[in-house]
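Undergrad: These are the residues of each chain, in order.
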Amino acid sequence: MPEQKIRVLVAKPGLDGHDRGAKIIARALRDAGMEVIYTGLRQTPEQIVNAALQEDADAVGLSILSGAHMHLFPRIMQLIHENHMEDVLVFAGGIIPDKDIPELKEIGIAEIFPPGSSLEEIVKFVQDRVKKDRVLRSS
Amino acid sequence: MKALDKDLPGPQATERTFTTISGFPIKELYTEEDLAGFDPQRDLGEPGEFPYTRGVYRNMYRGRLWTMRQFAGFGAAEDTNLRFKYLLERGQTGLSVAFDYPTLFGYDSDHPLSYGEVGRCGVAIDSLADMEALFHGIRLDQVTTSMTTNAPAAIIWAMYLVTAEKQGANWKDLSGTIQNDILKEYIAQKTYIFPPRPSMRIIMDILHFATANVPRWNTISISGYHIREAGSTAIQELAFTLRDGIEYVEHGVRAGLDVDAFAPRLSFFFDIHNDFFEEIAKLRAARRIWARVMQERFGARNPRSLLCRIHSQTAGVSLTAQQPYNNVVRVAIQALAAVLGGTQSLHTNSLDETLALPTEQSVTLALRTQQIIAYESGVPNTADPLGGSYFVETLTNEMENSCREYFKRIDEMGGMIEAIERGYPQREIQDASYQFARALDRKEKIIVGVNEFVMEEEPPMDILVIDDSVFHSQCAKLKKLRAGRDNARVEACLAQLQRAADGTDNLMSPILECVRSYATLGEMCDALRSVFGEYREPLFD
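Keeping their order, the protein sequence lines are chains A and B.
Just so we're aligned: the first sequence equals residues 0 to 138 in numbering that gives the first Met the number 0.
Just so we're aligned: the second sequence equals residues 0 to 540 in numbering that gives the first Met the number 0.
Everything labelled a hint here was simulated from the structure, so no lab data went into it.
This one's a predicted model, so the numbers in the text were calculated from it and none came from an experiment.
Errors might be hidden in some of the hints.
Derived lysine-lysine pairs resembling BS3-like cross-links, with alpha carbons at most 30 Å apart [as the list claims (entries may be wrong)]: (1) 407/B with 84/B; (2) 476/B with 26/B; (3) 444/B with 123/A; (4) 442/B with 26/B; (5) 123/A with 104/A; (6) 165/B with 444/B; (7) 442/B with 123/A; (8) 26/B with 444/B; (9) 130/A with 442/B.
Between beta-carbon pairs, the in silico distance windows are [claimed, not checked]: (10) 479/B with 86/A: 31 to 39 Å; (11) 92/B with 105/A: 52 to 60 Å; (12) 463/B with 104/A: 49 to 57 Å; (13) 30/B with 29/A: 26 to 34 Å; (14) 508/B with 104/A: 17 to 25 Å; (15) 57/B with 29/A: 24 to 32 Å; (16) 100/A with 30/B: 20 to 28 Å.
A virtual CB, placed ideally from N, CA and C, is assigned to each residue, including glycine.
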């Protein structure tokens with residue numbers, strides 16, 4: 000049986016329209032053989048978590064540059080827990096100051112990729128982590 | 000010597016391809032041959048003369064330096080008012096307002112979608128009361144103000160006009176700019192509210208109103224900045240921006256305006272990226288193309304209609320979070336390119352802007368960068384110092400040719416609105432930004448401190464923090480406002496606005512009445528949303 004394709008939801012919470020990063024990541028993940036769903040702009044936490052559920056996503060990539068991450072990410076993670084979706088890998092990027100990173104990791108965001116992160120690094124991270132999670136779940 | 004030789008470009012180096020940051024091929028040497036067919040009389044002219052390649056004014060910066068205009072806005076109106084006064088005291092010569100996301104989208108601070116966004120990326124403006132606080136102690140007939148507002152531009156501008164009126168100023172003496180360029184919102188920045196066609200109608204209403212009542216106001220700042228920041232090449236930025244300009248002029252003419260009555264109040268806004276000569280050529284080409292287009296396509300006769308007056312901003316997208324002090328150097332080089340390109344006003348980014356809004360110290364350094372170029376470098380002493388350079392003139396020519404190819408393609412689609420609806424400029428930008436990201440991954444392009452000369456540990460920087468107190472105070476202000484105003488009058492004004500939107504009357508008068516009644520931005524935008532609907536971006540793969 001061929002290995003099931005990794006499904007990733009790329010989502011933009013917050014009101015900002017800076018979608019360059021989100022679209023580049025979506026395309027890089029797709030070029031690496033993953034199935035990528037991009038939500039489009041200005042999604043509420045509820046919309047994002049619903050989409051992840053509907054799409055049966057293995058991973059959710061959040062991109063935000065408006066500075067509202069410390070309000071919106073905790074809400075998203077809360078909804079992830081309420082829906083028992085802890086097996087979904089959540090990673091994020093955008094304008095996120097270093098000082099906020101420990102708290103975001105604490106609430107369950109697996110990795111924060113600051114501006115200038117290489118595409119290769121992000122692709123590899125998603126591939127490795129999702130595969131590892133799948134092995135863990137099937138064993 | 001041997002060790003040094005290794006680093007000098009030798010035979011291997013010539014096998015590499017040399018391109019601008021936009022991927023434009025560059026030759027080893029440019030000579031007279033590259034300018035075969037170039038006619039200095041026709042293609043350059045004198046500064047201040049057609050086709051304005053060398054600048055829009057005869058003596059350029061000798062007559063007047065460019066306006067040093069730092070974009071600023073955060074927190075509540077009172078916070079930004081203090082920053083404005085700080086900048087004016089330090090020699091800044093014009094104001095430029097950044098609004099927060101709820102304001103840009105026409106939501107009040109207490110709207111659910113405003114959660115976490117109030118006062119964060121700009122100043123929060125909910126009603127006339129906030130606008131009055133924003134300019135408290137600043138005479139609006141004594142400064143020029145640029146306001147980066149697009150979808151709700153008519154409303155924000157009306158608030159500014161009423162604030163000026165309350166200060167006792169005459170609208171005829173007001174000067175400034177509203178960005179009011181909705182086309183690039185669909186293309187790049189994505190802060191739209193209404194669909195393209197009603198949005199164009201609002202813009203035409205603004206043009207009519209300004210031409211009759213606020214004649215010194217710059218009604219549209221046709222912007223390439225956001226197109227470039229979204230990842231376009233320099234040529235795409237140039238082409239899409241000027242083609243947006245053509246679209247506005249076409250609509251204005253179709254709406255019955257005399258081209259020479261409103262075209263002089265159009266201005267342009269470009270991004271100044273890292274590639275020094277490409278950026279200089281871009282500004283020179285922009286002026287020549289615009290002058291020619293205004294004559295060829297629209298038969299403009301007023302010389303002021305032909306002028307591509309430019310505001311520039313150094314490229315936010317070029318700043319790096321890694322080794323942020325390197326950004327000071329990038330900004331200085333970019334600012335120099337803007338000046339050599341003949342800009343009319345300039346914003347220099349602060350070194351910490353990839354991390355947060357700038358601190359007072361970093362914004363002062365950014366302003367000082369402009370002042371050093373202005374007063375120490377000697378660059379402003381003569382107009383268009385690079386005019387006649389084989390390289391710069393060739394690049395300028397090539398920019399114009401590539402730009403005209405884009406015009407042709409967009410014309411064939413039926414115009415810019417049709418091109419946007421088909422996702423054409425959006426897709427071009429997406430492709431370019433992806434190619435650039437790949438080139439960085441492969442190290443075909445180098446960014447110092449990011450994919451080369453990387454350092455592991457970096458000392459943290461102090462950055463500006465916006466706390467939640469702004470959100471709470473804005474919500475409290477709104478509650479008080481709604482309780483204290485004449486709500487029957489507000490309702491009547493909003494109903495009148497809705498009727499005007501449903502019909503064909505100019506929207507500015509009913510908007511001004513709403514503003515005077517202290518209707519909120521969100522209430523006015525809701526009235527318009529109920530008639531025009533909201534735009535949802537189709538996803539283009």
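Undergrad: Next, verify each hint and record whether it holds.
TA: Right, here's what the structure says about each hint:
A C-alpha spacing of about 47 Å is found between residue 407/B and residue 84/B, which places the hinted pair above 30 Å, so the restraint is violated. With a CA separation close to 61 Å, the supplied pair residue 476/B and residue 26/B exceeds the 30 Å bound. Pair hint residue 444/B plus residue 123/A holds up; C-alpha atoms about 22 Å apart against a cutoff of 30 Å. The suggested pairing of residue 442/B with residue 26/B holds, with an alpha-carbon distance near 21 Å, which does not exceed 30 Å.
For the proposed pair residue 123/A and residue 104/A, the alpha carbon gap of about 19 Å is at most 30 Å, so the pair holds. For a cut-off of 30 Å, the pair hint linking residue 165/B to residue 444/B is broken: about 54 Å separates their Cα positions. Our distance criterion of 30 Å between C-alpha atoms is met by residue 442/B and residue 123/A, whose separation comes to about 18 Å. Restraint check for residue 26/B and residue 444/B: the C-alpha separation of about 17 Å stays at or below 30 Å, so the hint holds.
The straight-line distance between the Cα atoms of residue 130/A and residue 442/B is roughly 28 Å, inside the 30 Å bound, and the hint therefore holds. Under the hint 31 to 39 Å, the C-beta atoms of residue 479/B and residue 86/A, about 48 Å apart, miss the expected range. Take residue 92/B and residue 105/A: their Cβ atoms lie about 47 Å apart, and the range 52 to 60 Å is violated. The hinted window of 49 to 57 Å between residue 463/B and residue 104/A is violated, with their beta carbons roughly 24 Å apart.
Distance hint check: the CB atoms of residue 30/B and residue 29/A are about 45 Å apart, inconsistent with the given range 26 to 34 Å. Judged by the Cβ atoms, the range 17 to 25 Å given for residue 508/B and residue 104/A is violated: they are separated by roughly 54 Å. At about 54 Å, the beta-carbon gap between residue 57/B and residue 29/A misses the expected band of 24 to 32 Å. Taking 20 to 28 Å as the suggested C-beta distance range, the pair residue 100/A and residue 30/B does not conform, at roughly 53 Å.
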